[in-house]
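> If you want the building blocks of each chain, they are given just below.
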Amino acid sequence: MAAKDDLGRRGEAIAARHLVDSGLTVIDRNWRCRLGEIDLVARAGDETVFVEVKTRTSVAFGHPLAAITVQKLARLRRLAAAWCEAHPEVRGRIRIDAIGIIAPTHGLIEIEHLAGVF
Amino acid sequence: MPLARTHAVSLLGLRGAMVEIEADLSANLPGWLLIGLPDASLNEAKDRVRAAATNAGVELPNRRFTINLSPASLPKHGSSFDLGIAMAALGAAGEVEPASVERVVHLGELALDGRLRPTPGVLPSVLAAARAGFTIVMVPAGNAEEAELVPGIRVIAVASLRDAAIWHGGKYEPEVVEPILVPAPSVPPDEALDLADVIGNEDAIDAMLVAAAGGHHVFLLGPPGAGKTMLASRLPGLLPDLEPEAALEVSSIRSLSGLPVGRSLATRPPLESPHHTATAAALVGGGSSVIRPGAAARASHGVLFLDEAPEFSSAVLDALRQPLESGVISIHRANAVAHFPGRFQLVMAANPCPCGQYGARDSDCTCAPFARRRYLARISGPLLDRIDIQLRVPRITATQLRLAAGSHRMTTLEARAKVEDARAAARERLALTPWTQNSQVPGAWLRGPQARLGSETTASIDRALERGGITMRGYDRVLRVGWTLADLDGASTPTPEHIGRALYFRKAMAS
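Protein sequence lines, in the order shown, are assigned to chains A and B.
Residue numbering for the first sequence is 1 to 118, as defined by our numbering.
Residue numbering for the second sequence is 1 to 511, as defined by our numbering.
No wet-lab data here; the hints were simulated from the structure.
Glycine included, every Cβ here is placed at the ideal spot set by N, Cα and C.
What you were told as hints is all true, and nothing was included just to trick you.
Facing chain B, according to a computed beta carbon distance under 8 Å, are these residues of chain A, among others:
no., residue
1, H63
2, L65
3, A66
4, I68
5, A98
6, L114
7, V117
Between the sequences and the hints, there should be enough to build the whole structure, so can you do that?
Structural data, given as structure tokens:
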């Protein structure tokens with residue numbers, strides 16, 4: 001497996017832990033369909049939260065949150081609709097969050113969580 | 001509250017309007033939203049500000065900034081808002097003191113390395129800020145001298161974004177950077193042109209003296225090599241030093257044109273000599289989004305010299321009629337009107353015909369009469385009407401050169417002293433009127449009871465008028481020049497000789 005995929009997987013694990021720590025329930029991970037992939041799906045009260053996770057080892061090429069573009073968010077929105085269609089049992093409002101993680105190989109991990117970005 | 005505001009200036013012509021910059025920081029994906037009618041170069045400010053902040057080591061949070069420029073209906077242009085936007089953003093982020101940022105007017109463009117670049121138009125912008133009641137202005141180090149010319153304003157000159165943030169209470173270590181300065185003026189003030197260099201043409205020197213003393217516009221007609229350009233370029237030297245108000249205006253126009261202003265206000269009247277291929281926009285000013293001053297505005301309070309006047313397109317020349325009439329250049333666009341000062345002294349020079357030899361003693365003109373007539377007809381009647389002195393300048397002969405070699409010739413300094421005395425006399429005489437110079441006085445007033453001359457004095461022009469040699473308007477113009485001649489001689493009223501000489505000064509086009 002390529003190093004970048006490894007980093008992504010590590011970041012998603014960190015993000016999932018962070019969500020659980022902030023009182024959310026993770027209900028789905030790496031859900032795929034023909035439109036693409038959703039990193040994390042969680043429940044916060046009666047809200048369904050779709051989370052895009054972006055991980056980088058440093059900010060040498062910009063902050064991870066800066067790499068989440070409008071196009072990426074638009075795709076996440078379409079994916080969210082597809083996910084809801086596939087899971088009719090889950091009801092309530094939806095929300096799209098972004099989590100940026102700076103995870104250096106050695107040292108402190110930084111997590112930034114932005115709620116309702118789209 | 002993640003909100004901060006500061007102030008900047010949007011220039012329209014020489015008039016500045018205060019613009020409030022508001023920055024809001026919201027928990028959203030990183031980005032910049034710039035609203036409030038920015039133009040393309042101002043919209044690029046977001047990229048400059050972000051890069052400059054990173055490279056200056058002044059970190060902005062990775063969140064969304066919404067920058068609003070208010071009043072939203074006023075079109076804003078240029079790069080001088082960069083510093084204000086950066087400071088408002090830093091204030092919203094809590095990196096600097098929002099209260100400190102709010103009471104300061106910020107002007108300046110950011111370089112990507114975080115240093116501040118000097119911008120054109122700082123002097124009129126600072127003036128506008130002072131008039132709007134602000135007392136502290138932050139400008140790039142390269143514009144400091146210019147900004148300090150405005151009285152009653154505290155100028156904070158900063159070399160970089162980091163310095164600016166530190167001044168506003170940002171907790172950063174000072175870092176010395178080399179400030180970006182404006183290149184020093186490469187052309188030294190042209191004091192080398194002296195009136196004493198003009199040999200032989202006594203009439204023309206006299207006419208220049210009269211023009212300077214009365215503020216009269218001049219038309220010089222003569223063959224190539226007669227010294228028309230030489231005479232015209234010496235006219236600014238004859239004019240007295242600029243009054244403080246005029247000096248501020250001249251320097252403001254220079255600043256707006258992106259010319260170096262230096263550490264003191266301009267004291268000498270400017271000379272502008274646009275080439276005859278100039279367009280109307282180049283001469284009076286223009287432009288679609290940014291309205292820039294033209295040569296006529298830069299010549300305000302000085303001399304606008306149009307060499308080879310018939311070669312200018314007639315539409316371009318006629319564009320000068322409005323400023324000649326009102327002293328103000330107004331440029332109208334769909335979204336705004338810009339005003340520039342336009343109180344210049346016009347000097348036009350022309351050859352008598354396309355080949356230039358007509359009327360010269362030593363060579364023959366090869367032009368058809370038709371071509372000759374059409375050549376000078378390119379200068380429209382209404383424009384010529386506004387020119388008081390119309391003079392023929394002949395080539396000087398070898399005899400005149402030999403004669404002149406021994407005699408004393410008036411230097412520019414002597415001439416300027418005479419001009420200053422004459423102007424003072426005119427001002428005193430016109431003290432109770434709205435005018436200060438003879439060229440501004442309307443004909444009706446000159447013929448009215450306040451200034452009526454005896455019939456023996458005006459006999460020569462009365463006769464010329466009866467014969468149809470001059471028109472009523474020409475009559476008034478002769479009177480005006482006559483008064484200036486009297487002022488130069490120290491006489492209280494013009495004598496018949498003064499009037500006769502004034503009549504001679506408008507013979508060029510008649511013959």
